[in-house]
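S.K.: Residue strings, one per chain:
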Amino acid sequence: MSALHRKLLRDLMRLWPQALAIALVMAAGAATLILGVGTHGSLAETRAAYYERSRFADVFADLTRAPEVFADEIARIPGVGAVETRISKLALLDLPDMVEPASAMIVSLPDVREQRLDLLHMVRGRPPAAGAEREVVVSRPFADANRFDLGSTFTALINGRERTLEIVGIALSAEFIYAMGPGDLMPDDRRFGVVWMSERALAAAWDLTGAFSTVHLALMRDASEAAVIERLDDLLTRYGGLGAHGRKDQTSHAFLDAELKQLEAMSKILPPIFLVVAAFLVNMTLTRLIALEREQIGLLKALGYSDLAVGRHYLEFVAVIAVVGAALGVGAGTWLGMGMAGIYSDFFHFPFLVFRLDPSVWAVAVGVTLAAALGGAAAAVAGVVRLPPAVAMQPPAPARYRHGVAHRFYRALAVRQTMVMVIRHIGHRPLRSLGSVLGIALAVSVLVGSLWVYGSTELMIDVTFHRSDRQHATIGFARSRGASALADVAALPGVMVTEPFRTIPVKIRHGAVVRRVAISGRARDTDLSRLLDADFRPVVLPETGIALSDMLAKILDVRVGDTVEVELLERDRRRVDVVVTAIITAYLGLGAHMDLAAASRLMREGEELSGVHIAYDPARRDELFARIKRTPVAGFVALQPVALQKYRETLEQNLHIMVSIYAMLGMIIAFGVVYNFARISLSEQGREMASLRVLGLSRGEVSGILLSELAILTLAAQPLGWLLGHVIAGAMVRGLENELYRVPLVILPEVHAWASLVIAVSALASGLVVRRRIDRLDLIEVLKTRE
Amino acid sequence: MDAPIFETRALTKIYRTGAVEVQALRGVDFEATRGEFVVLLGPSGSGKSTFLNIIGGLDRATSGVVRFAEHDLTAMEERELTLYRRDHVGFVFQFYNLVPSLTALENVQLVTEIARAPMRAEEALAVVGLADRLDHFPAQLSGGEQQRVAIARAIAKRPEVLLCDEPTGALDSATGVRVLDALVRVNAELGATTLVITHNAAIREIAHRVVHFGDGRILSTHVNAGRKAPSEISW
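Chains as they are written, first to last, in the working numbering: chain A, 1 to 787; chain B, 788 to 1022.
Excised from the complex, chain B in its bound form (with noise of 0.2 angstroms):
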């Protein structure tokens, strides 16, 4: 088996609000190989956006280690982070978060400019079918296509890694499948080790690997035997 790209090794995290104390992580520990196809199961408050938010290097553990590749993201100082994520890191979010004075292309743009071995922006696009919509402003493209710009956002520049949280969770079940659609053909073509957030359930039969979280923790790990094609699935 090829060394993980992603190693955690008795993940914490702890919350202080005031006096109050809320433990969302109570030691996880994760690896994920290469070109993995992983997707995240749990309820809301069982602790996966906090885990995906530590490995994409917005949030900081309270304890324990993150590896990704030989870098420690424990030990990074918050201008590390920021170069972590810009160079090896794609994300999407269930709101997309495009910005909306910017059309698609200049969406995609954002990225290709700071990159350091980026795709065309062009190309990001056509990956995930929206070639003939790259002068529309957000506004003007429906809520898959939103997503779908984010994610050719999120992959223009070649990362390593893309963390999806809950992409589909904005969409019908007919535009959602095209959005894992993408991010199957992403992954495969791109090689980008890929970890979705949902609670889904649905969505599990795409994954290589299916890890279960609950209370901080991870509950089971579920490798598939035959994945499904997104096209074969729907909720």
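Isolated chain A (complex conformation) (with noise of 0.2 angstroms):
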């Protein structure tokens, strides 16, 4: 080992705590990018595996019923790879134990042939004998809700009829990782699942024998998916088609993409901050040990040492800083993928994980912290290259002080000249004290830049529960039904308000931009069920055209007055313009909704209805749930509070997780910028320090001094902070933004408080630690020393 790398290890073990703080920072940056990118790549990775391994469709379609050759006339679809008919409905279950009424999607499963897509992973058990009645196949997850087991039976609604099932086989499918009910915000397990029973048995309950009522294509490997809808749709017309959709528009798929997505929007927030602050960081601490080890510099080119294997000398010690941040964080990094990927997968319910131990993304987190360390490194670095030995061997000339502006109000105001002191030091290395802020501030901002989120969670919950969507319960229909549904939901016991609602699918189109999504046709005015405007007050409807959320505008870009074109889905495919007359806000999901009486127009039909929005007296509503699961009323029904209970649960279980980490991450930064600014200072005054001990101040006093320092620092970092908080939060509201729902940018003065709040902490925490050093100093050394 040569006598500079001997020099290069000592000087790293006795700047330890130092060296220690900013590979923290560094190992934050890179366990982040890592986190969020490792963990996008795994679960990305399991799903594309999932998908392929279970035979997952391309192409969903629904319709009323076609007869089974009638998939030979599909198959030939240019681009088609394979088919799968099969009947798919919903039906009530009354769940032992249960007061409410659950639901479930029905799916049949081929008696002679085997599955062509969509294939069954199946857990435990086995697939229903052909032609059992009785025997059905459950979801995993809702299997596990209910405690269900092999040879555990339940009841369902089948087409009006009671029917006892019993479980025989447990499975999962990649069609249903987002299981989600109708009218549901969150998969709720407990209250929605998938049931797969013999297709024979199914078409007899149904009245489908040698027909089917959804068909699922897999596409050849350059087929256009457009146009394989576009001839879909055109032959399904006849049989009552609801227009054919991609996986865009599979429910369960557009929701795991959307968690993907913001997974990825995520771990491209978090890592640059960490690495500014790092780069930062070992600027300033490298400027001062080069400052401290001027004459060994010049003592060194001097002794023939050229002036490139000098800089490289303190290139090393910086890339050893970063080489053991970027080694801790890639652990880090990788363990807490690991979990995460695992609680993922587990709230989505994969069959299993390939966590993706990928070396190019090692590669990059520790490419991007060198580059970080070494770019701060490099202005520092160039100045040791730069000095001539002769210069270097001299002392530095002393620090010059200058009276500023402020020198008159000091005496004035009779400021105390330890205060002076402070305010001069600060104001001597500008640039550095303005970094430090900018790091304590980027602290803050991390902090605000999560805590906000519950505040964003309270008014979308409020928004949308409490002020928009207030009925008890939604009873929608299996199939619309005339105006007289209305009275016989009215009549069910407890129900003391009724608002009839109507379902109509269609593709909305502006320009080349198109969406399918449901028109609600409603009462002009209603009470339970509101929409509401920007100001989140209640919108009357107007009695012609159609009211677009705020995010489906958005996407269409159209304002009020605007026209669409809306292209019915159901009966007869018309396409009709229509004029946008309002736009309202939503949170949750692309809305449109039109006046039942107008919609009722736009159909060709008399008053049907898809379902009944209702308020109940909540004393009678076990009396009211017993009946909704006897009488063939309903096809599902949606319960409000059990939705916002189980929105709760899982976003403050999701929430607390990543506000957490954050938390641990911003402490992270707030410490090692002030630990490292508070032994540079120390370094730089401790002389001074000694001098005043000697001079009579106290211990207190004289660390006092460099508290005060870091308090003024932290101070000032907090509005900064607040703001480049806001920043974040925006930033982290455009990732988490998309078609299935967004979260509003609300953020609450506490938020501001809380952040605060830690990062003093930890800041008090850093500034303490060195406090101890400021106590041990040697004063008779120091005053027996020329600086």
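These aren't lab readings, by the way, just hints derived from the structure by calculation.
Only a predicted model underlies this, so the values are computations on that prediction, with no experimental measurement involved.
For glycine and all other residues, C-beta sits at the position ideal for the given N, C-alpha and C.
Just to be clear, a hint being listed does not mean it is correct.
Taking beta-carbon pairs under 10 angstroms as the criterion, some of the chain B residues facing chain A (in silico) [said to hold, decoys possible]:
{"no.": "1", "residue": "880"}
{"no.": "2", "residue": "884"}
{"no.": "3", "residue": "902"}
{"no.": "4", "residue": "927"}
A short list of chain A residues far from chain B (calculated; beta carbon distances all over 10 angstroms) [as the list claims (entries may be wrong)]:
{"no.": "5", "residue": "7"}
{"no.": "6", "residue": "67"}
{"no.": "7", "residue": "81"}
{"no.": "8", "residue": "99"}
{"no.": "9", "residue": "169"}
{"no.": "10", "residue": "218"}
{"no.": "11", "residue": "242"}
{"no.": "12", "residue": "249"}
{"no.": "13", "residue": "255"}
{"no.": "14", "residue": "349"}
{"no.": "15", "residue": "484"}
{"no.": "16", "residue": "607"}
{"no.": "17", "residue": "719"}
{"no.": "18", "residue": "754"}
Take the two lone chains and join them into the complex the hints point to.
M.R.: Rendered as structure tokens:
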């Protein structure tokens, strides 16, 4: 080992706390990078493998009824690789020990042939025997949530008839990774499940023998999805096709995709912050180290070491820190990533998890960490390279201070001299002080940028559940019914208020942009389920035209007064131009709303209803539910209070994990910045502080100088940190936003207070660590030597 | 004769670094009276700085007794030693030890702000002849001027003792004389007992008494029959 390398090692050992603080900030950067990219990569890969193994379809279409032989014609559409026909219907369930009605998507399994697409992943048991009316396979999450096992039974209302079903198998399906009941906002595995039955048995129950009601297609490698969908829609028109769609509009895939996109977006926000702070810390620390070693640098050069050799020595010093930081980060990131992927994998019920330890991600993490470190070191090392040996051997010129503008104020206000020292020292190296302020501000911003989600979520809940959709329950009909259905619902026990609605599946188009949505036809002035404007005031629907949710209006790029084309997916597939008459605020989904009468006119039908929102007397809830479960009124029942509870549970669990990680990372930054600043400040002023101790200032008074300096920087960083926090929160809102939901940007005042408090505690902790060094200053040594 | 303001008995100091023991003081008995100007002479390593540090409350004796007026310094806690330095002792060092970010005036005010009955900072600077340099930062002052600011800072609290470790060590003869002149004047005007360490033998002539240190002991003590003024000496 060369002498310079030995010096390098000893320098690192001597400065280990500072080096470690910097390495930790770098580690946080590398870890967040690997965590984000790794988790996303693993889940994306797991999903891809799962899709491939279970032959997940590419195109999906529901229809009223088509003869089985028609599948051959569909198979002849150019680009279609495989066709899977089936029957799938919603059914109400009556589960033992559950007061509320549950519902299930009942899907047929072929009796005589193998499944071609969307294969089941059997976890336990077996498929139902051909034609067995009682035997079913259920989705594992549903079984787990209800503690069902093989042999368990429950009751289902299949096409109006009660049937007792027995579980013979438990399975997972790539098609229902994100299994959400109709009208629900989050998966609720207790109240919604997927039930697979023998095709023959199901066909008999729904009078669909020799026919199918759903078709899934797999496409060939270079087939055009749009062309296939168009052709399929044409073919299915006469069989009551409801419009085919690709994976993009398949509920499970769309939600999973949104989650993965969010993960990807988040993985791009944090790492740059850490790397910027790390670069600054390297710069600050190395500049001081070089200032202290000025004479040694001169000596090395005088001894014949080249400028480059000396410069390289300091770059190696930084590189060692960066490599240690990156290694810690890679380790922590991989570990956290595996944990995180595991959490997601459980949440989505993947049958397996491909955790990808991609060396290229590691290489990127190590590479950017090194780049940030060397970037931070560049200016300081360039100074070393340029320093002529003769100049370096002389002591540096004494620090020159000048009178600032504040000079007169100090005297007028009788500011204590120790405070004057503090202020002048901060002003003496303005760039370093500003850099530290920025570093602490970034720590604050990371916290503001994560803590805000609580307030935002509360607003979302308040708007969605308390101001907008205030119904207790929504009863959905299995198929649309005449106006008399409203009276049937009103007659149910305990029902106090009813609000009918009609759901019309359509494609809505403006220019080249098309989206599949369901228009909800509703009374113009409702009280339970309300539409709100941008200020959350109830909107009375105009008699004509269509009201779009703000997100849909943004995607279609339309304003009030613009015209959109509505293509009906039910019945005659007519295309109608409709004027946008209102924009409403909604955080969940893409919504389109019309007056109920206008909706009927659009459909050219008398008043048909898809369902009814109700408010009920809570005292008669059990009686109401019992009745709903037994009478063929409802195809499904969505319960708002249950949905809200589920929503809270899911969000809170996810938010707590995220916010805790962010808070820890913010504290690491704050500690790293404040600790390094304090150590450097002490190194510069240690001699003065020892002199002050000699003069009779107490330990408290002397360390007060350093702590005041840190306090001023920390304080000054707060407003900037809040501001940057708003920027991060804004970036997160954009990262989280998708067509399924968006998050309002609301930053409550207390978010700032909490962020500042956490960072202040972290700064104080690092200040107190350095204070112990001030207490141990050697008064005699420092007076004996020239600086 | 007055009661001594300082008294040490059998003072020893042993430094331990690892396995090595260095005996810096080997039983020093010393007394100084109020207003006395004492020069401590001796080669490097003779123990005179260690002695000064102990009686200045910067360091602790290994054994023996140090008394300042009625206080026993050897029994004092760290906090009491700080107060002792703050209220009673003025220090002047070879390298001035001024705060670079404070002006001459502000450096003195550092002390006047915490002392019990200080003189005005301007007054202290006038005593050392720097009334016209109040707003200069240390980097804007010459070595001699910086040392005089240090003296002003040391005397502004009206200390009972003024302890100077090589105050002219970094100065040329002419500048050194001005600094010594300031010390003598302060000693005369304030009556502060003044101990000056030097290995510059020329300085002995301005003292009331000269104490020779060697090998951790006082080798000899010499009382000057006639003191010289600083302006009469040179080196």
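S.K.: Are there hints from earlier that the structure breaks, and if so, what are their numbers?
M.R.: none
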